[in-house]
Amino acid sequence: MEAWLHLNAQTEELVGQHCRTEMRVAVIGAGVIGLSSAQCIINRFQPTVKPLTVIVYADTFTPDTTSDGAAGFWQPYVLDEGKPEEVKWNKETFDYLLSYMSSSDANEMGLFLQSGYNIFKEPVPDPSWKDAVLGFRHLTTKELKLFPGFSYGWFNTTLMLEGKSYLPWMMAKLKECGVKFVEKKISSFQELGPDFDVIVNCTGIRAQELQPDPELKPARGQIVKVYAPWMKHFIVSHDLKAGIYSMPYILPGSKLVTMGGIFQLGNWSEENNPKDHNKVWEGGCKLVPSLKNAKIVEDWTGLRPVRNRIRLERQTFESRPQTFEVIHNYGHGGYGLTIHWGCAMEVSNILDKIVQERKPSWKIPSRL
Amino acid sequence: RGLRCRKQRMDRVRVGVIGAGIVGLSTALCVAESLPGCSVTVIAEKFSPHTTSDVAAGILSPHLITVTPVESLRRWFAETFAHVYSIARSTEAPDAGVQILSGWEIFKEPPEERIPFWSDIVLAFRVMSDSELTRFPETTFGWMYTTLLCECLLYLPWLEKRLKQAGVQLEAGKVTDLWDLEGKYDVVVNCAGLGAGPLTGDPLLHPVRGQVLKVRAPWLKHFIRCGDGTTYIYPGVTGVTLGGTRQAGDRRLGPDAADERSILARCLVYEPSLAGCRGLGEAGVGLRPTRRALRLGGERLERGGRSMWVVHNYGHGGAGVSLHWGMAREAARLVKETLAQIRPQPTHNKSKL
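Protein sequence lines, in the order shown, are assigned to chains S and G.
Quick note on numbering: the working numbering labels position 232 of the first sequence as 232, and the sequence is numbered without any gaps.
Quick note on numbering: the working numbering labels position 28 of the second sequence as 28, and the sequence is numbered without any gaps.
Isolated chain S (complex conformation) (with noise of 0.2 Å):
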């Protein structure tokens, strides 16, 4: 009889332990990808999984992060390969960070909106974005003669998210809703995998250092910070030829111009370069004449994570003492903060099946 209580007991403690909802995640990374992962997780779960922990490991935090330096403009490349899945975080992305506009907290976002100038020296087909931004139309050729050389464009009007502000406030709500942020290095994901059930990775650049990835490639940026405040259009110029980034764009940001048109795929260093330098304000100069009067204060380089597509999926690591699961999201490229909700969104999804699987399977372990 005693045996037969005890053996009860025994099996109530295993099943209970199925039950427990608790999850455990660490997410590498504090850049934009990182920090929307984190808290669309929390926005998902915390009502349901109890306890839910969600701890952020990060050697860089802003304003050091690749966000914090790029302009923070909404916009996907123009010729997409049409990835269906990436055309539907794009678009979620966008309608998200619309209904903050009419709010509070956008002026903290570093969210406005802002109107300009696609312009190409062809004809091209429409982008896959264009009823996702606002008022997306052709350019009339009065428009053109703004643009000497070219001979065809888009104007629209589009969000511009300012990664120095945008991080700030993500980190703010992730800390009132009990996240963690601990600045450390992860040098592998066997690291964390004892203490957290799931790991989401938002490397970016360096995801590399945690497992090898030949499709990953960085593709530096160079750009040129000015005070010109008369500019209120965006100006993107495009040359097919030579590819996205590589032609003068003109991006007005809340305080400051950004001016670049830099796209070197494979070049790694991340110090300023004249040549660079001189390249981005003559092609601005160019567009824009009245720019020559801006005044310069500083540029910045960063390395555009690229990659064929976005890596976003789930990895299984059959590990001792347990299994744990990596959810790689990482490989924005220069559309980062376009994309970043959609994808954070995905990360939540892949999450949830996760928790699903981890449901009580009712099944008695063989301990008879």
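Everything labelled a hint here was simulated from the structure, so no lab data went into it.
Bear in mind that the values here come from a model prediction, so they are computed numbers and not experimental data.
There could be a bad hint or two in this list.
[Unchecked claim] So the derived list for chain S, only partly shown, Cβ under 7 Å to chain G, looks like this:
{"hint": "1", "residue": "S102"}
{"hint": "2", "residue": "A106"}
{"hint": "3", "residue": "N107"}
{"hint": "4", "residue": "F112"}
{"hint": "5", "residue": "Q114"}
{"hint": "6", "residue": "E143"}
{"hint": "7", "residue": "P229"}
{"hint": "8", "residue": "W230"}
{"hint": "9", "residue": "K232"}
{"hint": "10", "residue": "S254"}
{"hint": "11", "residue": "K255"}
{"hint": "12", "residue": "S290"}
{"hint": "13", "residue": "K292"}
{"hint": "14", "residue": "N293"}
[What the hints assert, rightly or not] Every beta carbon over 10 Å from chain S, so not counted as near; a handful from chain G, in silico:
{"hint": "15", "residue": "E45"}
{"hint": "16", "residue": "H63"}
{"hint": "17", "residue": "A78"}
{"hint": "18", "residue": "P110"}
{"hint": "19", "residue": "E113"}
{"hint": "20", "residue": "R162"}
{"hint": "21", "residue": "Q165"}
{"hint": "22", "residue": "A172"}
{"hint": "23", "residue": "G249"}
{"hint": "24", "residue": "A293"}
{"hint": "25", "residue": "G304"}
{"hint": "26", "residue": "R306"}
Every residue gets a Cβ at the ideal spot worked out from N, C-alpha and C, and that includes glycine.
Starting from the structure of chain S, add chain G where the hints point.
Just chain G, lined up with the frame of chain S:
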């Protein structure tokens, strides 16, 4: 040869321009440029930053209720737009306070004129779609257009620099009677704005008071204007101008606290992010020199045997910036015509040998 020089000096035409707002300065410049060798003096009580023009946001979009024929308005606006556009595209743009600006003009009810007369003159113009209108409260119709903005706080000093380069004299002084200038100038150009009232006794000229609030909100990249013209947000170079009021007959030049509260409240409805403005804004008041018909024309005044020639260029209401260059050019043509009448060989001294 010395005799001819003296004759040249005696023959040198003198033009006096009253007023140093955007109309006075641009008219003086047009006169100086079209009549080289002519001596031009601007006489004004107020110079930038104390003129009516300095208060204006400076948007180029001529909204005015007027009996002036629309062909004239179109002509003056087109000429002004082309001129300011060339400045916008040049390296002078920042010094001149000129920028290209897009934005939305929104209406509670569709206006009588669905498409305004200037729609083909601005850089781009279209009617907003229904889905676009949903972003704005109580809005059933709207336009999105791209135009120019001419910030007078910068534009007027820039004009003054060009005037000095053209040899134009700037004189501070209040003209209380046109006849005080008789004998000093061959032609007087009256660009005195609201001041033209006492000078001419014109019963049709009256002030329409406008109060504005200038704030710092550099993240704003579009204008928003409500169709009735009383509520607007214009992001300029040095700040964002929030407005406004339209108080006919009101001559108060001091800011009114209730007007300021009303302006802020109305603008916040359309642009909630204004709540994030740092610091207090700067209030300004301008009296729009309004007249049912814009007055641009020559007149020969007579008094007790004396006569003097005046070219009037005033009564632009809230459309001074929008129409300034086109009307200044026409005023300069009128000056030239007048001079041709009173001085048959006015400006060039060809060798008669």
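Structure-based check of all given hints:
1. Contact between S102(S) and chain G, as hinted, is supported at the beta carbon level, the nearest pair being about 5 Å apart and thus within 7 Å.
2. Proximity of A106(S) to chain G holds as hinted, the smallest CB-CB distance being about 5 Å (cut-off 7 Å).
3. Annotation: interface hint on N107(S) holds; nearest CB of chain G at approximately 3 Å, less than 7 Å.
4. The interface hint given for F112(S) is met, as the beta carbon of that residue sits about 4 Å from the closest beta carbon of chain G, less than 7 Å.
5. A hinted interface residue such as Q114(S) counts as satisfied when its beta carbon comes closer than 7 Å to some beta carbon of chain G; here the least separation is about 5 Å, so the hint holds.
6. For E143(S), the shortest C-beta to C-beta distance to chain G is roughly 6 Å, which falls under 7 Å, so the interface hint holds.
7. The beta carbon of P229(S) comes within 5 Å of a beta carbon in chain G, closer than 7 Å, and the hint placing it at the interface holds.
8. The closest approach between the C-beta of W230(S) and any C-beta of chain G is roughly 4 Å, which is under the 7 Å cut-off, so the hint is satisfied.
9. A least Cβ separation of about 5 Å between K232(S) and chain G falls short of the 7 Å threshold, and the interface hint therefore holds.
10. This hint holds: S254(S) has a C-beta 4 Å from the nearest C-beta of chain G, less than the 7 Å allowed.
11. With 7 Å as the threshold, the beta carbon of K255(S) comes within range of chain G, its nearest partner Cβ sitting at about 6 Å, so the hint holds.
12. Annotation: S290(S) was flagged as interfacial toward chain G, and the flag holds, the nearest CB pair being 4 Å apart, inside 7 Å.
13. A hinted interface residue such as K292(S) counts as satisfied when its beta carbon comes closer than 7 Å to some beta carbon of chain G; here the least separation is about 5 Å, so the hint holds.
14. Hint on N293(S) holds. Least Cβ distance to chain G is approximately 5 Å, under the 7 Å limit.
15. Taking the minimum C-beta to C-beta distance to chain S, about 30 Å, the non-interface status of E45(G) holds against the 10 Å cut.
16. Non-interface call for H63(G) relative to chain S: holds, since the shortest CB-CB distance, roughly 21 Å, exceeds 10 Å.
17. Taking the minimum C-beta to C-beta distance to chain S, about 12 Å, the non-interface status of A78(G) holds against the 10 Å cut.
18. Every beta carbon of chain S lies more than 10 Å from that of P110(G), the smallest distance being close to 19 Å; the non-interface claim holds.
19. Listed as outside the interface, E113(G) is consistent with that label: its C-beta sits roughly 21 Å from the nearest C-beta of chain S, beyond the 10 Å cut-off.
20. Every C-beta of chain S lies more than 10 Å from that of R162(G), the closest at about 17 Å, which supports listing it as non-interface.
21. At the 10 Å boundary, the C-beta of Q165(G) stays outside the reach of chain S, the nearest C-beta of that chain being 18 Å off.
22. Distance check for A172(G) against chain S: the nearest CB is about 30 Å away, which clears 10 Å, and the non-interface claim stands.
23. Remark: the non-interface label on G249(G) is consistent with the geometry, its nearest Cβ contact in chain S lying 36 Å away (cut-off 10 Å).
24. The Cβ of A293(G) lies farther than 10 Å from every Cβ of chain S, with a closest approach of about 31 Å, so its non-interface assignment holds.
25. For G304(G), the non-interface assignment is confirmed: its Cβ lies about 53 Å from the closest Cβ of chain S, beyond the 10 Å cut-off.
26. Residue-level check passed: R306(G) sits 49 Å from the nearest beta carbon of chain S, beyond 10 Å.
Taken one by one, the earlier hints all hold for this structure without exception.
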